[in-house]
Every structure is written in C-alpha cells, then in structure tokens.
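Visitor: Okay, here's what each chain looks like letter by letter:
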Amino acid sequence: DGGITQSPKYLFRKEGQNVTLSCEQNLNHDAMYWYRQDPGQGLRLIYYSQIVNDFQKGDIAEGYSVSREKKESFPLTVTSAQKNPTAFYLCATQTSETSETQYFGPGTRLLVL
Amino acid sequence: AQSVTQPDIHITVSEGASLELRCNYSYGATPYLFWYVQSPGQGLQLLLKYFSGDTLVQGIKGFEAEFKRSQSSFNLRKPSVHWSDAAEYFCAVGAGNTGKLIFGQGTTLQVKP
Chain A
-16 DGGITQSPKY
-6 LFRKEGQNVT
4 LSCEQNLNHD
14 AMYWYRQDPG
24 QGLRLIYYSQ
34 IVNDFQKGDI
44 AEGYSVSREK
54 KESFPLTVTS
64 AQKNPTAFYL
74 CATQTSETSE
84 TQYFGPGTRL
94 LVL
Chain B
15 AQSVTQPDIH
25 ITVSEGASLE
35 LRCNYSYGAT
45 PYLFWYVQSP
55 GQGLQLLLKY
65 FSGDTLVQGI
75 KGFEAEFKRS
85 QSSFNLRKPS
95 VHWSDAAEYF
105 CAVGAGNTGK
115 LIFGQGTTLQ
125 VKP
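Order-wise, the sequence lines are chains A and B.
-16 is the number of the first residue of the first sequence in this note's numbering; add one for each residue after it.
15 is the number of the first residue of the second sequence in this note's numbering; add one for each residue after it.
None of these hints come from the bench; they were simulated from the model.
Worth double-checking, as some hints may not be accurate.
[Claimed, not checked] The calculated DSSO-like cross-link candidates involving lysine-lysine, where the alpha carbons are at most 30 Å apart (straight line), are:
| hint | chain 1 | residue 1 | chain 2 | residue 2 |
| --- | --- | --- | --- | --- |
| 1 | B | 75 | B | 63 |
| 2 | A | 40 | A | -8 |
| 3 | A | 54 | B | 63 |
| 4 | A | 53 | A | 40 |
| 5 | A | -8 | B | 82 |
| 6 | B | 63 | B | 126 |
| 7 | B | 75 | B | 126 |
| 8 | B | 75 | A | -8 |
| 9 | A | 54 | A | -8 |
| 10 | A | 53 | A | -3 |
| 11 | A | -3 | A | 66 |
| 12 | B | 63 | A | 40 |
This one's a predicted model, so the numbers in the text were calculated from it and none came from an experiment.
Produce the complete structure using the sequences and hints provided.
Guide: Here it is as structure tokens:
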C-alpha cells in the first residue's frame, strides 16, 4: 500500500510541551514539505527538504524544527516557542524534479489543551 | 515575488449548474500551475496541472482549466456540478527551481440541491 502516512490524526498539546508530528512515505520521493493550514489563509510552508540530511526554512519556520535522517521520514516538532500551534498540518512529497506535482498526506490536527 | 489570488472566498452553485473558480497569479517566467481539491479534514488531491503546451488542461472528475498568459489567470471550470464536488479548492503556482508551491487562500464551494 503506497503513499504518505501522517500520524497521529489528532494531537493535543499542553502549554510548554514539545510535540512531534510524523510523516512517512514509501513513494521514493526525494523532497518532502511541511505546511500549516489555518482557516482562510491557505497553506503556508514551514520547512522543506530536498535531500536526506538537508532541509530549509519556509515562510513560517519560527517555533518549529525538523530532521531528515531517512529518505522516508520527515518529522516535524512543534516546540513550546510556537505560541499559536492550533492548526491543521499537512505533509507533502515530490520527486527530484522541481516542476513535478506535490502529493499530500491526510494531515494532523493539532489542538492546545 | 510570486503570489496567487483566488478572488472568491465562497461560492454557491446549484447542482447541475456550471462552475468557474478564478485564479490569478503573479510570476515573472512561465509558471507551473496546479489546482487541488480538499474535502473537510482531509489532505489535498491534485485535480490538474499546467506545465507547458496546450493551454486548456483536462483533469480528474470532469474538471478543466485554461491558462491565459495575457490575463495571468488559470481558472477552473466544470460544465455540470455534482453535490460531491462541494469542497475547498486551491490554486497554486510553482516557485521557480526550488520545487516550492505558493498557494492561494482557497475557494469553498457549496452545492445546493
């Protein structure tokens, strides 16, 4: 069964807590992306990685961190420095060709307790 | 800087009526253009894409879009809307050779019976 898996589907964060969102793919795609989605604001890029062991900040990287130790995995950590983390988080993948389509996972909804 | 504008935040059409969702982009070179659809609480699904060639592009679910360079537009159309088309629609432009996408704010489509 191929595709992009995001877990958990729902995640609850307490004040001052770091939480990690998982994104796994078996499409053998080189590039992976994390987006944040808020109502009425479309999708905003948090971080992206075009190759293992390398990643770049997107437009709203503050309060987030990532790692890319394996081609298949691109976890996103929402740190306590992110003061407004409640949102829908989407992971996407893309082949090495930068003109190619991005494919999206099912998303994780993060809520603050 | 690249940007995408979807002028209509919310559109309501009757089932069986035709549909056109507007998208305007700002980009210096020939753009890569995409339309995605998102059902509530789900990831994004690609409807169609334009890279080059024929300016009228056919997609899945009976959708089509026309690239008009002179108007910097990439409007999405469907001749007869079905109730299952109710969703949020996003237009996106490929941002140069980085592989990144710039998304519009989205248009929510409601279908009346």
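Visitor: Now tell me if each hint is right for this structure.
Guide: Evaluation of the provided hints:
1. B:75 x B:63: The given pair, whose Cα atoms are some 14 Å apart, holds under the 30 Å limit.
2. A:40 x A:-8: Distance of about 24 Å is within 30 Å: holds.
3. A:54 x B:63: Within the cut-off at roughly 26 Å; holds.
4. A:53 x A:40: holds (18 Å)
5. A:-8 x B:82: Status violated; Cα separation ~39 Å.
6. B:63 x B:126: It holds: about 28 Å lies between the C-alpha atoms, which stays within 30 Å.
7. B:75 x B:126: holds (18 Å)
8. B:75 x A:-8: Holds, at roughly 27 Å.
9. A:54 x A:-8: Cα-Cα ~22 Å, so holds.
10. A:53 x A:-3: holds (29 Å)
11. A:-3 x A:66: holds (11 Å)
12. B:63 x A:40: holds (26 Å)
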